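Asker: So the chains spell out like this:
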Amino acid sequence: MLTSVERFMGTNFRLLRGKMAIAEKVEKVKKNKPQRKRFKPILYLGLAPLFITLGLFSYYPAANGLTRAFFDWRFFEPSVFIGLENFRTMLGDDMWWESFKHIFIVFIAATTIMWALPLLAVEMLISIRSLRTQHILRTLLLFPLAFPVIVTIYMWGFIYHPNRGILNTALQAVGLDSLAQNWLGDPNTALYSLLFISFPWIASLPFFVFLTGLQNIGTEVFEAAAIDGCSRMKRFFLIDMPLLGRQFRLLFFLATISVLQFGTSGYVLTSGGPDNATMFPILRIIGVAFNGGDWGYAATLSSTLFILTLALSTVILFISRGEKQNVRSL
Amino acid sequence: MSVLSKPNPRVRVNQRRKTEQRILIFSLGFLAFLGLFPYIFMLLTSFKNTQQFVDSYWGLPLPLSFENYAAAWGQTKDYFVTTFIVVGATIAATLLLGLLSGFILSRFVFVGRNFLFTCVGLLLMVPWIAALIPLFVLSKDLKMLNTIWVLIVPMIAGNAVLSVILFKNFIDSIPQELFDCAVVFGASGPQIFRYIVVPLSYPIVGTISLLTMINVWNEFFWPLLTVTDDSLRTISVGISFFQGQNETDYGALMAGYTLASIPLLFLFTFLSKHFLAGIQGGLSVSDK
Chain S
6 MLTSVERFMG TNFRLLRGKM AIAEKVEKVK KNKPQRKRFK PILYLGLAPL FITLGLFSYY
66 PAANGLTRAF FDWRFFEPSV FIGLENFRTM LGDDMWWESF KHIFIVFIAA TTIMWALPLL
126 AVEMLISIRS LRTQHILRTL LLFPLAFPVI VTIYMWGFIY HPNRGILNTA LQAVGLDSLA
186 QNWLGDPNTA LYSLLFISFP WIASLPFFVF LTGLQNIGTE VFEAAAIDGC SRMKRFFLID
246 MPLLGRQFRL LFFLATISVL QFGTSGYVLT SGGPDNATMF PILRIIGVAF NGGDWGYAAT
306 LSSTLFILTL ALSTVILFIS RGEKQNVRSL
Chain C
379 MSVLSKPNPR VRVNQRRKTE QRILIFSLGF LAFLGLFPYI FMLLTSFKNT QQFVDSYWGL
439 PLPLSFENYA AAWGQTKDYF VTTFIVVGAT IAATLLLGLL SGFILSRFVF VGRNFLFTCV
499 GLLLMVPWIA ALIPLFVLSK DLKMLNTIWV LIVPMIAGNA VLSVILFKNF IDSIPQELFD
559 CAVVFGASGP QIFRYIVVPL SYPIVGTISL LTMINVWNEF FWPLLTVTDD SLRTISVGIS
619 FFQGQNETDY GALMAGYTLA SIPLLFLFTF LSKHFLAGIQ GGLSVSDK
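Chains as they are written, first to last, in our numbering: chain S, 6 to 335; chain C, 379 to 666.
Derived from the structure by calculation, the hints contain no laboratory data. Just so you know, not all the hints are guaranteed correct.
Quick partial rundown of chain C residues pointing at chain S, CB under 10 Å, derived from the structure [what the hints assert, rightly or not]: (1) Q399; (2) T525; (3) P532; (4) V583.
The model shown is predicted, which means the values in this text are computed figures rather than measured ones. Quick reminder that beta carbons are idealized off the backbone N, C-alpha and C, glycines included.
Using the sequences plus the hints, can you model the full thing?
Answerer: Rendered as C-alpha cells:
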C-alpha cells in the first residue's frame, strides 16, 4: 500500500520521467536533423506497389519499345533481329516525313495564334475593374474546357459538315455560297480546319498560364507604370511581355510535347485523309501496327518520336535554365 | 450657363473610362459566346426531332422533343457504367499510391530516395505514345485485352506519376514541427500517415481525383485499340461508335454528346476550383 504522499510522489516521478523522455526524444530529433541515410526495409515495401505498377506498365514497355525497334516483330511469328533495317525503311517512308510537316504547321499555329488570342483575352480581362464581372467572364471563357474532348471534336466535325454544317449554312444564309465548301474533304483546307477546332482557343492552358502569370506580378508595378504615364499598349510590350517570359518558356515546353502527340481530331474526323493531308505521326504509327501488322516497324517509329520528344524537351529545359540564371543575376 | 455647358474634364475621363469598360465587357462576352456557340447549338439541336431540325435550323421550335435523349441514353448507358467503374477504380488506386509513396518519399531519409523520385519524375517526359505499341503487346500477353483491367491498370500507371509528385511536393510543404511533435508523442509511421498526412492532404486529393477523372474521361486511343466488346467501351470511344450508328440523326447525336458532357459539366460547375486546379495540375511540376 502506498501512502497518498508516496502515490503523489510516484505520479510526479512518473511525470518527471516522462518529461525527461520527451526532452531526450526532442534532443534526438534535433540531433538527427542531418539524418543518416539508412536502409529501412519497410519503406521499400511501402514503395513497392508504385514501382511494380510503373515498372510493368511504364518502364518495361518503354524499354521494350526501344529494343523491338531493331527487330522484325509480327504476331504469331518469332521476332528476328534485323539491326537498322527498320530505320532504313523509315528514311524512305514519305508518309511518315510528311506527317512531320503537318506537325510543324500545327506547332507554328500552337505557338503563335493560339497564344495571341488567349493573351489578348487575358489583357482585356485584367483591365476590367469590377472583380465580380471579371470572375463571371473568366468562368464563361473557360467553360468550354468542361466539355469532353471527343464532344468538342464531333461538334466541330458537324460545323464543317458539307451539307448540314453550321459553317456552310451560315455562309449560305448571308449569301456567300461561293465560299461554302467541303472543309474536311478538301486536302487544301482539311489540316487548317482541324487547327481551327475550338476557336478562339481561349479555353486553354495558355489562357490560364498568362492569367496567373499577370495576376502574380502585383498591382504596384502596373500602378507605377500608370503614374509614369505609360500607355496601355506600351505597358503591354514593356512590362507584361517581359514579365511573362517564364510563362512563355513553360508553354513552349508543353507545346513541344503535346504537339508531337497531336492526332485525335485527325483520327476521328478525317482518318488522316483526304490524300494524307491530315496524317500525323501517331496516326502513322497506329496504321503501321494495327492495319499493317508490322509491330517492329511501329516500335521503330514510336521510339523515334520518343527520342525526338526527349531531345527537344531537354534542349528547351536546358536553354530555359540558362536564361533563368541570367534573370536572377540582375 | 457657360460653366455648365463646358463639360467637366473629370466627368469626361470618367465617361471615357465607363465606355472603355463597356467595350471590354462586350468584346469578352462576344469571345465567350464564340467559344460556347457550338455547345449552345448542340443543346438546342438535341431537343429537335428530324422534322424540326429541317424546319428550324437555328431556332428552338416548341414543343421540345425528349425522344432524342431516350434514344441516346438507351444506346450509351453501358458506356457510362464502364466509364464510372474505370474512373472509380483509377482514382482510388491513384490516390492510394500517391499518398503512400508521396509520404515515404517526402518524410523519410533512406538510401535511394532521390534516385527513386527522379525515376518517377522522368516518366513525365515520356510521351505515352512511346509505350503504346509495347504496352498493347504486353496487355495481349497478359491476356488483358477486352477486359475491364486493360482499361484500369495502364490508367493507374499513367496517372500515378503526377499523383506521386504532387503529393510529395505537398507533403514537403507541411511544417517539420508537426512531425517532430508527433514523434515526441510517440506516434508511429502509420499513425502519422493516418492522423496527420491524410487529413491535411484533402485539397490535393480533390485536385488529383478531378485530374484523373478528366484524363480517364478523355482517353481515346487506348480504349479504342484495346477493347472491342461494346459494353466495355468507355464514353469517349462509345460516343464515336454511337456517331457511326446515327450518322444523320443529328438530334439523337447531339443528345448523346450532351449526355456525355453532363458529368464533367456538373463537376466544373460545383467544384470549379478543384477542376481548374486539376487542369493546371501538371504545371506546378514542370514549373520547377
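Asker: Next item in the hint list is Q399/C. Is there a CB on chain S closer than 10 Å to its CB?
Answerer: Q399/C check passes; min Cβ-Cβ to chain S is 6 Å, inside 10 Å.
Asker: For the restraint on P532/C, tell me whether the closest CB of chain S is nearer than 10 Å.
Answerer: Interface hint status for P532/C: holds (5 Å vs cutoff 10 Å).
Asker: Can T525/C be said to touch chain S, with a Cβ gap under 10 Å?
Answerer: violated (15 Å)
Asker: Hey, does the V583/C contact hint survive, CB to chain S under 10 Å?
Answerer: violated (17 Å)
Of the hints listed earlier, those the structure fails to meet are numbers 2 and 4, in rising order.
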